[in-house]
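Protein chains in written order, with the numbering used here: chain A, 1 to 339; chain B, 1 to 307; chain C, 1 to 354.
Hints listed in this document are in silico derivations from the structure and should not be mistaken for laboratory results.
Backbone N, C-alpha and C fix where the C-beta goes; we use that ideal spot for every residue, glycine too.
Mixed in with the good hints, there may be bad ones.
Stated by the list, open to error - Computed from the model, here is a short list of chain A residues facing chain C with C-beta under 8 Å:
| # | residue |
| --- | --- |
| 1 | Leu8 |
| 2 | Asp11 |
| 3 | Ser12 |
| 4 | Phe13 |
| 5 | Glu14 |
| 6 | Ile16 |
| 7 | Leu39 |
| 8 | Arg40 |
| 9 | Lys43 |
| 10 | Lys45 |
What the hints assert, rightly or not - Using 25 Å as the maximum straight-line C-alpha spacing, the simulated DSS-like pairs for lysine-lysine come out as follows:
| # | chain 1 | residue 1 | chain 2 | residue 2 |
| --- | --- | --- | --- | --- |
| 11 | A | Lys227 | B | Lys89 |
| 12 | A | Lys248 | B | Lys81 |
| 13 | A | Lys248 | B | Lys125 |
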Amino acid sequence: MTTNMKKLPKDSFERITIDSSHAERISKPSLSFWQDAWLRIRKNKAAIVSMFILVFIVFMAFVGPFMVEHDPEDVKVAHASLPPKIPGLEKLGIFDGVGKLGSKTVNLYELKKVEVNYWFGTDSLGRDLFSRLWKGTQISLIIAFVAAVIDVVIGVIYGGISGYYGGRTDDVMQRIVEVLIGVPTLVIVILMIMIMKPGIWSIIIAISITGWIGMSRIVRGQVLKYKTQEFVLAAKTLGASDTRIISKHLLPNIMAIIVINMMFTIPTAIFFEAFLSFIGLGLQAPKASLGTLINDGYKFIEYQPHILFFPAAIISLLMIAFNLIGDGLRDALDPKMKD
Amino acid sequence: MAEKLLEIKNLKQYFNVGTKNEVRAVDDVTFDIYKGETLGIVGESGCGKSTTGRTIIRLYDATGGEVIYDGVDVHAKKSKKELKAFNRKMQMIFQDPYASLNPRMKVLDIIAEGLDIHGLVKNSKERTARVHELLETVGLNREHANRYPHEFSGGQRQRLGIARALAVEPEFIIADEPISALDVSIQAQVVNLLKELQEERGLTYLFIAHDLSMVKYISDRIGVMHFGKLVEIGPAETIYTAPLHPYTQSLLSAIPLPDPAYERSRVRKSYDPTTHKYLKDEEVIMREVTPGHLVLCSQREFDAFAK
Amino acid sequence: MEKIVEVKNLELSFHTFAGEVKAIQGVNFEVYKGETLAIVGESGSGKSVTTKSIMRLLPKSSTEYKNGEILFGGKDLLKISEKEMQKVRGKDISMIFQDPMTSLNPTMTIGNQIMEPLLKHQKLSKTDARKKSIELLTLVGMPKPEMRMKQYPHQFSGGQRQRIVIAVALACNPKLLIADEPTTALDVTIQAQILELMKDLQKKIDTSIIFITHDLGVVANVADRVAVMYGGRIVEVGTVDEVFYNPQHPYTWGLLSSMPSLDATEEKLYAIPGTPPDLLDPPKGDAFALRSEYAMKIDMEQVPPLFKVSETHYAATWLLHPDAPQVDPPVAVIERMKRFPGSRYYEGNAGGVR
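Could you build all of it, start to finish, from the sequences and the hints given here?
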């Protein structure tokens with residue numbers, strides 16, 4: 001321990017008055033919850049890279065089909081089964097239009113006298129795979145997104161009512177959910193598809209018919225947790241109506257969990273759509289989705305693996321990206337990580 | 001004494017009624033609160049003191065009994081309008097400064113919530129002005145209005161909670177352990193603020209706490225609760241200097257004081273409910289021992305107290 | 001007296017996304033054999049962090065030890081390997097936390113939880129460990145220990161759980177017991193029982209205790225010596241009588257006078273204005289100066305060193321510098337100082353002022 005007795009300037013010991021308002025100063029910058037979350041997620045490299053990948057895929061899904069002159073649904077038998085060819089890349093030995101014919105390796109474009117270029121090649125019916133891939137991605141994304149939104153809407157309303165009103169209402173609503181969970185999803189979905197005309201909407205309905213249950217359970221749990229919090233009690237003592245409590249106090253607080261969950265719902269829906277298409281219950285030709293493309297490509301996996309490769313790569317990237325973003329959001333929004 | 005603001009008569013709050021784990025959180029409690037006074041309620045966790053406060057303000061529907069505010073039964077069926085009027089008169093300050101403010105709302109909106117619900121301001125300019133005024137009342141700055149609760153310290157948050165309650169200009173405030181989550185140096189700030197506000201605005205407080213020294217300081221009268229029952233109530237000074245119920249005595253003897261010499265000599269009494277030796281047909285009720293000082297006791301005990 | 005643990009110049013920071021939090025800024029103290037050192041301070045003062053660094057319980061990823069050493073049995077606890085540290089934890093140094101429920105494993109019988117350190121550190125046989133566990137439970141005042149051994153934590157009340165936690169902590173007769181707000185979550189009557197139990201056990205097994213709390217009443221009850229922390233530093237340290245009856249630091253003055261006494265009827269409580277410093281951006285000089293009515297120019301410029309008041313009593317305030325003006329503490333503190341021989345307000349003998 002030090003006993004420092006060195007000489008200090010005389011005026012050092014003049015009394016000063018402290019402005020007490022100074023003591024209430026907050027030095028941290030003012031950040032809202034979402035701004036704070038953004039600061040956190042910005043540090044998560046995987047999530048940021050995933051975001052870029054996702055933005056790129058979404059962009060291509062809507063712009064890609066218009067980048068080439070071929071229509072994704074145009075059948076041109078003369079141009080069937082062409083390998084990928086991108087001008088400018090020929091010299092590198094890839095995307096040069098060279099493929100196997102029997103046991104010989106030849107440039108199929110020259111052989112079939114095809115003037116135009118098919119960047120990702122064509123399928124057995126001569127449809128352009130590049131535009132088909134992005135069109136398919138687009139449809140898969142739309143299906144997944146709409147299904148996820150429906151899940152959220154139904155899930156939040158159902159779970160919210162069940163949790164907020166509690167008691168008898170909650171009991172009845174939870175018994176219904178338990179019955180629904182008991183029925184195997186796939187059976188319902190197959191029945192649905194068989195009744196309805198195959199198409200985008202029937203797939204969306206099939207996916208969301210049981211998809212909302214998970215969301216409703218999460219929302220119910222959150223509502224149960226928050227409705228006994230003191231800030232909700234405070235609003236009640238101020239005379240707030242149920243609508244006000246739900247919209248101003250409960251929803252903003254469970255928003256984070258809803259968003260995180262949606263991030264995990266979308267890839268599940270994409271995958272489920274692909275699965276349905278793969279087993280032949282999905283979209284019908286000539287419409288494309290990632291699932292139907294993979295189904296097509298899988299038949300030619302031995303000779304023309306590229307037909308499978310591109311949609312498979314996109315679906316994998318989508319799944320990984322959504323999951324990494326979801327993880328990143330969860331870390332960023334989780335109050336337990338708060339310092 | 002002054003006129004009665006609130007009469008609590010035979011208030012009962014049971015949870016899980018009719019099931020095996022029925023909890024009698026508040027069991028037949030009767031007391032009055034006078035205009036302009038502070039009534040302190042002390043007791044250990046689970047004694048029902050918080051539930052009493054919450055039942056009075058209708059956060060729970062009472063299982064039985066009456067809460068009469070200014071001559072009107074609070075728990076009787078009422079129209080929405082009447083309820084709202086009642087909400088303005090009676091407000092609450094909560095225990096946990098971290099849980100009592102919505103983390104997603106700005107301070108401005110938190111404090112203005114009461115103003116919005118009751119339509120007390122005409123436009124957003126008036127609303128902001130009123131919030132600034134309230135912030136200054138509780139010793140904070142205007143700049144704080146645009147911040148979020150998590151940026152404040154515990155004591156500051158508790159003052160925000162007070163500002164929110166004051167926004168609707170209540171007459172009666174239930175303070176549910178408002179200082180127990182705060183640091184010692186901050187507790188005094190909040191207690192002083194509550195006292196100042198009481199003097200300025202003539203507020204009436206129901207101050208619920210387990211910190212007996214602060215309760216003694218702020219309260220005019222004190223009620224002691226034990227297992228859902230009020231066991232003793234009386235003027236603060238009397239409860240401290242001449243407690244009669246053995247539970248009150250044991251509670252008082254257990255408080256450590258910041259005085260080492262006193263601590264070395266303090267002898268703790270323990271409370272054993274079986275020492276009452278109540279007989280089956282004995283009526284154990286609140287009996288007035290000296291004016292204003294009521295103790296839960298049997299006639300036998302009452303006679304002993306009188307000596 | 002034998003020093004059990006000695007903390008020298010400890011300085012540590014947490015790295016958070018908002019920046020560097022200078023949680024501890026040069027802390028020195030020692031704990032002697034058989035004594036209880038109470039560390040008082042408000043939340044964020046660094047009292048918990050200091051003791052967690054003794055146990056090396058701080059998250060490795062975000063904690064940076066900048067300086068200092070923690071000497072325990074001739075070894076610097078900050079330098080030894082994690083494996084060696086595991087041998088120290090639970091055997092030589094034990095810790096009890098505020099919430100007894102979270103420090104007990106809900107899926108294990110309490111018997112097994114008490115036996116665990118005995119089997120691990122003392123290499124006792126199962127039957128011996130069982131015997132010792134029952135002894136420990138009896139020691140902490142648990143009725144019917146044989147029956148209770150087979151029960152799970154949720155079958156006990158809060159106070160009983162804290163007794164069990166104490167039994168676990170004391171299983172290996174530790175040289176040092178760190179109690180981090182062990183009674184804060186408990187009711188006053190239970191708190192009184194636990195404090196009595198701890199004092200009683202300390203006498204029996206002669207262990208040293210570091211007792212962290214913000215409750216000055218509890219400090220007065222348990223402590224032999226007191227260290228007052230503020231803004232990551234120790235601002236005053238001394239025997240319990242010195243700190244309570246002859247406090248020197250304005251922060252200690254503020255703490256002592258902001259509590260109402262049960263007998264006096266003050267009109268208004270003394271309240272320390274403002275809020276504790278934000279250690280992300282600690283103020284220059286004396287961290288308390290911004291809230292102190294005794295602030296001087298030098299407080300804004302230089303951190304005060306610990307000035308010696310007596311052999312055992314030190315305080316870090318420029319007010320103790322020989323050139324500083326003499327100031328009068330708050331009334332409530334003067335009342336206290338009147339009872340302390342050696343203070344300038346002492347009224348015990350004729351003359352009063354020394």
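Original post:
What are the numbers of the hints that this structure violates, sorted from low to high?
Top reply: Hint 10 alone not satisfied by this model.
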